[in-house]
Amino acid sequence: MVIGGNGVGKTTFVNAILFALLGNAEYDVQNPAGKTERVPVVPSDFFKGRVIPEDENDAKVTLSFSIGRNQIEIARALFRPKILLLKINGKSFSGTRDKEELYRRQLSKLMKFDDFEHFTFVAANLLVFDEARHTLIWDPERQNRVIRLLFLTEFHGELSSLSERVTTLDTTSRHKSETRKDIRRNITRWVDSQKDAPGLSASAKRLAVDLAQLEQGLEDTETEISSIESNIEEETEHLQQLLADADQLEVEKLLGAKELQRTEAKFYAGIYDALPPEFLVVLQTLMNQGLCQVCGASHEKLKELGKKLKHEGKCLVCRSPLNYSVEAKPESIGDKLAADINRLREHLDNLEHKQRASVDAQAVANFQVSSLQQKLSKLLKRKKSDDVRAGELRIQVQKLAGNDGSEEAWLRKQKEEIDKLTREIDELNKKRATVLESLKRVNYEFTNRLAKVNDNLTPLFSQFASKFLGVECELVVGTMSRSRKPISYMYPRFGGKDRNDISEVSESQRFFIDQAFRMALITLFSKLNRGTTTFFVVETPEGSLDLAYERNVAEMYLDFAKRGHAIIVTSNLNSSNFLQGLYSHLGTARTKQTRTLDLLEHGRLSDVQGSDHMLAEFNKRRRQLGITSVR
Amino acid sequence: MDQQALSDVLFALVAAREHMMPGLNRTSLQRLLFLTAAVYPLTGDNWGYGFSTARFGPFNILVNQAADQLVLRGLCEFKEFGVNTDGNIRAVYRVTEIGVAQVQQITKIHSQQRRFEWIKTVTAALDIYGSSVISKIASKEPSYAEMRARNQVGGIALAKSDNRSIALIGRLAADLKKRFNVDTESVMEKLLLYFDFLSSGLLENR
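Chains as they are written, first to last, in the working numbering: chain A, 1 to 631; chain B, 1 to 206.
Please note: incorrect hints may appear among the correct ones.
Selected chain A positions facing chain B (in silico; Cβ < 10 Å) [as the list claims (entries may be wrong)]:
| id | residue |
| --- | --- |
| 1 | Gly68 |
| 2 | Ala202 |
| 3 | Ala204 |
| 4 | Glu264 |
| 5 | Ala265 |
| 6 | Ala269 |
| 7 | Ile271 |
| 8 | Pro276 |
| 9 | Pro277 |
| 10 | Asp335 |
| 11 | Ala338 |
| 12 | Ala339 |
| 13 | Ile341 |
| 14 | Arg345 |
| 15 | Glu346 |
Straight line, CA to CA, 30 Å or less: simulated BS3-like cross-link-like pairs of lysine-lysine [stated by the list, open to error]:
| id | chain 1 | residue 1 | chain 2 | residue 2 |
| --- | --- | --- | --- | --- |
| 16 | A | Lys354 | B | Lys108 |
| 17 | B | Lys120 | A | Lys336 |
| 18 | B | Lys108 | A | Lys266 |
| 19 | B | Lys136 | A | Lys354 |
| 20 | B | Lys136 | A | Lys258 |
| 21 | B | Lys120 | B | Lys136 |
| 22 | A | Lys430 | A | Lys440 |
| 23 | B | Lys136 | A | Lys253 |
| 24 | B | Lys108 | A | Lys336 |
| 25 | A | Lys399 | A | Lys383 |
| 26 | A | Lys253 | B | Lys160 |
| 27 | A | Lys452 | A | Lys253 |
| 28 | B | Lys108 | A | Lys497 |
| 29 | B | Lys160 | A | Lys258 |
| 30 | A | Lys258 | A | Lys497 |
| 31 | A | Lys431 | A | Lys181 |
| 32 | B | Lys120 | A | Lys266 |
If you want the ones that stay clear, here's a sample from chain A, every Cβ over 10 Å from chain B, calculated [what the hints assert, rightly or not]:
| id | residue |
| --- | --- |
| 33 | Ile183 |
| 34 | Val251 |
| 35 | Glu278 |
| 36 | Lys308 |
| 37 | Gly334 |
| 38 | Asn342 |
| 39 | Asp498 |
| 40 | Asp612 |
No lab work stands behind these hints, which were simulated from the structure alone. Quick reminder that beta carbons are idealized off the backbone N, C-alpha and C, glycines included.
Looking at chain B on its own, in the form it has when it is part of the complex (with noise of 0.2 Å):
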């Protein structure tokens, strides 16, 4: 799964620049992907490989290292760089030409063009919010949220027959034919549908 993490940091990166988003650092790049991957079964297929509920949120370990990695390979670089006080690094990572010409590589591989096309949608819809909000909507994922309630740890349960996410799309878009007689055909829209609910607050109210 290496590769896979690797190409979806890249893929994220390159998404990040077709909207003008300045750069993405390591944590909104765990949320944008776990974002992603929790809504992927829209897709019919599923995502690959998991989360896991940490401090600072939704975690995977090869995602974390990708943007490095990537960095070494001159398929991203840093915008910002710097080093904190308890010795962390901190760092927003932006691609280079070599990663959109690899990138354009990569997606000769059909199933990847799909990946990164669907990176690429979610990206647009979160673009709409602001990356700002992209923390926000991310501690609201069903999924994510509940373990949080209960303080399980491990974990984040995506595929496509345990997703919440995706259940809690389907009982909206139910809602808003059954209420208002309003369809939510496309993935956009259904996209849409959830993100403005998840940001609503409506989920910290019930």
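Pulled out of the complex, with its shape left as it was, chain A reads as follows (with noise of 0.2 Å):
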């Protein structure tokens, strides 16, 4: 617990021990545009303003820390790029020249990941929920690449190398489509000039005038057509994963039936399937007093018959095999049966609604993909002919304006080097639509992993999420498009609801959603990997709670925490019940003050908080939570 007030340093805390951990080390993100930037995990001048001017000399930081057996000391300074101290395993590498070309190299090498790169976007995306508050479950992309790094390594470098490529692509085709655009507004400039030319005619000027339309029309058509045939991507994938939404959701309404049925039979054998109480008594006095109470008849050899057909099973009257037990089902069963029944057919109501919705979507995207098909041939037609008539305008517009030569030579370089753009470009088209097809195709490998993978991992999942959220939970595996690629990721549904969306969740719920699904990856790698344990840092996270969730937070820490992993929590000194419940299950007075960096102690103080009234409320509270302070 590292506890404090409003700018004491709990984050200058934190970042310091990510600051030894990585350095200055930097990961990868994708921007809205597809394009590929690095960001810093700590800022480089992130400790600027936060020490005293005359220690930023001297001011370092030292981690002591373990990677399996591995035992790693490193100590850096804050304000130059410098590793003062590298120990690995005993052995110092003090004079060694690239210690940071070192240290990356044995850390990647110790934990088995390619690059160091890789680490540092598990630690900066995974291990650290920062003030940023920026969510993982949420953003399809960085998770993605976060399972794969973890679970599904054998994906990552295919998958990234081939949306790279589909990037690259993309982007090449379009710095040629913009030269094109640029060479047509050439000839329209020439073309315009000629209009004023001296000694060109009206029907010149007007050819002229006619050509630099058509030119420009050609533009228009060329954008349109790009953008049309992009829709139509977009759309075809979007129906395809209707179709497919609608498959599963075929399935599940089988599954859902088959339970439904299953319990349905089971209610009511509890009521219809029992043997009439008559039958026992008939059964029961035929075997001991060999009387027959249906007809009166009374014989000790009755007593054997009935003997005989308790033991065999048989009916009394048609001699067919009985199952039976005398035992009475307690009420509470035929409850549960009953609350099942309702809760299955809920669902399956559920179901064949989204069925329905999913009917219409996919009738309206039919329709959207029929439109723009209709749309973009008709455009095509259009170019071929507004081509074939700009060819034959720029000839006679040629011709009228009777030049030299040398301007019909220019303008016929103009049009051949359009023609090999447009060919380019349709090749770079042909290109990316291929390397699209593969990605799709490892992509939909790499889904049904991940399905795997889920299997796995929700009931962790819903360990976590459901002691905060007090309802059961699960994680769905789902298909987005970005800058149309697929994008395979998980996102919760509880309450009934899929939230594959930021939106449909409350601001509370949606933080510790995200950490509870942090935690659960993060006991998985766990539990493949030997057991292995690790750190995970949250900051001030009872600022975003309300009063009804704030214990049940503190429950979900410890549980995580009695796994063996190292949980760093931030947090102001404050009455919430999240510390109070924190603190009590941390064990002896010793014990909480050993877990326990209190920043009040050791940070610089406001006027505010250094008031006596403030120190004394500080105190009082660290009295209600069992440690004590020094000052």
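Put the two chains together into one complex; each comes in its own frame, and the hints tell you how they fit.
Next comes the structure, spelled out in structure tokens:
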């Protein structure tokens, strides 16, 4: 626990740990345009203003940690890009020139990452939940990458490489389109200049105007064609996704219907399938007294008959096999079964409602695709005829302008260049389509494997998240499109509703569901890697909580910590139930003390924080939590 | 569908008890449940099992066997019992306290609660005319009446899409509105309008 007040240094402390571990390392993210950018975990100027200027030269951070059985100690200067000390398993690397390179290489090797950037990405996006409050569960791209790096490494290289190739082909195609546009603009400018050329006849001027308009029109048509092709691709993918979802819904419906049938059979068996009480009376009397209660016959031999029928388990009347129990079933089983039936029926009703919505959505998507294809067909026809017309006009304008041939040659060259670029763009688009198909194929396999990861992840996620939410939750695998590339990811479902967008949950829900997701990922990784443990940093979680959830969140953190991971929580020293809940489970007073870094003791307090009244309040709060102050 | 028929008969017997009807025999159970099924599409759902034309009126074999099965399980009992000269059993059934308790258990399932409420609603509507009129009304049900008129045998069409009773209710309500500006908004109003029409003998005069 890192406790303190506003501005006392909690974030500085956490970032000092990260800085010691990672230095100024950066990780790759995709910007909205699909370009890769590098982002630092700890900005290089972070500590400026957080350390007294006189101490800047000497300010350093030293971190000791272990990776498996390997012990690492590292010290960095806060204001210089310099490793002051590096020891790995007791061996010092003080004389080594490029300690940073060595450190990164060693750590990557020990953690079995191909590159230090991979570890940096995982640390920044999974292991730290800072005050930026960036959620991983609702960021499909980052989530996808974390899962590839931790669980599905065999896909990481191929998916990244294919995705980058698609982006590169897109970018190159776009650049060539821009170049083609420029050439067309040049032609239009030349044609415009011809309109004012002396000695040019009215008809020549008219032709020049027509040509200029055609060239502009061609450019607009190219742009529109490109846009429509892109829309068709998106709508087709959307339609394919709808069809896949519809199949999935059908499967869920079948499974739901089967379970409902089984549950109803059990329910009604308790009411209608029990043997009539009279049967047992008749059988017992037959066995014990040799008396038939139905007809009144009485004989010793009837006892044998009764025992025989009981032993053989056959019906007294028709001799069919019987299977019954004489023990009464408790009423609570009937209540539970009735509740299950209601739940299953509601689930099936929801699925049917979704199916109807899906059918409507498919109809709309089909109509969209069809309309777009019709539009595209018309545009392609128009482009073809405009192209031919433009060629004819160029020749006519050239002849009427009566130039010496150099401009004709120039025009011809421009046209050749346009044609060449058009061929290259078509070629690039074809290549892009091929690479995209490969990407989709690999992503399909990835998605199937992700579903298997989810089978193990969902119970863990439910365990953590349900502690917070108080209801059962699960993870669902979905696929979305970003820059026309498929990305598979997981999102939560609870309360019978899919929450695949961050806006579908409240503010406090989103942060703690995200943390539950991260805890589940870490726990699963630990299970699959011989119980390896790690750290998880959460900054001031209580800020996003309402009263109802404070204790639940403390339960969630404690559950995670019991699995052996180091969870570092920063918190303001306040009267929240969250802190109370955590501290009440931390053990003895000594344990509480050793697990607490009280920055109010070590940091620089503001005048308000340092007042007698506030110090007394802080001490009161400490006593409530079971920790003591030395001030 | 066995268990649904058992539950429907149990529901009908509980509804009859609530309306102080003197028990129901097999024939009245058939006709009561047939009429309930005929107008069930007013709720937006399908009844689930059908009835066919038989010598003595609309018939379902599961409904026919249900009451005796319920007696064996102690959920209902014979109020009257006898054997006819032709060897057939003559019985009037009424629900037992155990049967009432089981209905409470079954109606914890929401869909069964809605079904039970519907049976009670129809029973309440028919009770206005008296139990002796139920047979007459059942024989006038449009789908059944038409089949009988044509000497047709087989399943009586009661599904939402083919249901003549529902179509008749729609026409009657529209007519009432058009001629007398009277609205039939509630389900009970529609049922009474329908049963009034069937019991009036107007259909016979067409």
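Against the structure, the hints come out as follows:
1. Gly68: violated (56 Å)
2. Ala202: violated (73 Å)
3. Ala204: violated (73 Å)
4. Glu264: With a closest approach of 7 Å, the Glu264 (chain A) hint holds.
5. Ala265: holds (8 Å)
6. Ala269: OK, holds: Ala269 (chain A) within 10 Å of chain B, min 9 Å.
7. Ile271: Interface hint status for Ile271 (chain A): holds (6 Å vs cutoff 10 Å).
8. Pro276: holds (4 Å)
9. Pro277: holds (6 Å)
10. Asp335: holds (7 Å)
11. Ala338: holds (4 Å)
12. Ala339: holds (8 Å)
13. Ile341: holds (5 Å)
14. Arg345: Interface hint status for Arg345 (chain A): holds (6 Å vs cutoff 10 Å).
15. Glu346: holds (8 Å)
16. A:Lys354 <-> B:Lys108: holds (26 Å)
17. B:Lys120 <-> A:Lys336: holds (26 Å)
18. B:Lys108 <-> A:Lys266: Judged against 30 Å, a Cα distance of about 15 Å means the pair holds.
19. B:Lys136 <-> A:Lys354: violated (44 Å)
20. B:Lys136 <-> A:Lys258: violated (41 Å)
21. B:Lys120 <-> B:Lys136: holds (20 Å)
22. A:Lys430 <-> A:Lys440: Holds, because 15 Å separates the two Cα atoms, which is no more than 30 Å.
23. B:Lys136 <-> A:Lys253: Between Lys136 (chain B) and Lys253 (chain A) the Cα gap is close to 43 Å, so the pair fails against 30 Å, i.e. violated.
24. B:Lys108 <-> A:Lys336: Between Lys108 (chain B) and Lys336 (chain A) the Cα gap is close to 10 Å, so the pair holds against 30 Å.
25. A:Lys399 <-> A:Lys383: holds (24 Å)
26. A:Lys253 <-> B:Lys160: holds (23 Å)
27. A:Lys452 <-> A:Lys253: At roughly 21 Å apart (the allowed maximum being 30 Å), Lys253 (chain A) and Lys452 (chain A) satisfy the hint.
28. B:Lys108 <-> A:Lys497: holds (24 Å)
29. B:Lys160 <-> A:Lys258: Cα-Cα ~25 Å, so holds.
30. A:Lys258 <-> A:Lys497: With Cα atoms ~22 Å apart, Lys258 (chain A) and Lys497 (chain A) stay inside 30 Å; holds.
31. A:Lys431 <-> A:Lys181: It holds: about 22 Å lies between the C-alpha atoms, which stays within 30 Å.
32. B:Lys120 <-> A:Lys266: holds (26 Å)
33. Ile183: Non-interface label on Ile183 (chain A) holds, nearest chain B Cβ at 64 Å vs cutoff 10 Å.
34. Val251: At roughly 23 Å from the nearest Cβ of chain B, Val251 (chain A) sits farther out than 10 Å, so the non-interface label holds.
35. Glu278: With a cut-off of 10 Å, Glu278 (chain A) comes too close to chain B, as the shortest Cβ separation is near 7 Å.
36. Lys308: holds (23 Å)
37. Gly334: Contrary to the label, Gly334 (chain A) does not stay out of reach of chain B, its closest Cβ about 5 Å off (not over 10 Å).
38. Asn342: violated (5 Å)
39. Asp498: holds (24 Å)
40. Asp612: holds (63 Å)
In summary, the numbered hints that this structure violates are 1, 2, 3, 19, 20, 23, 35, 37, 38.
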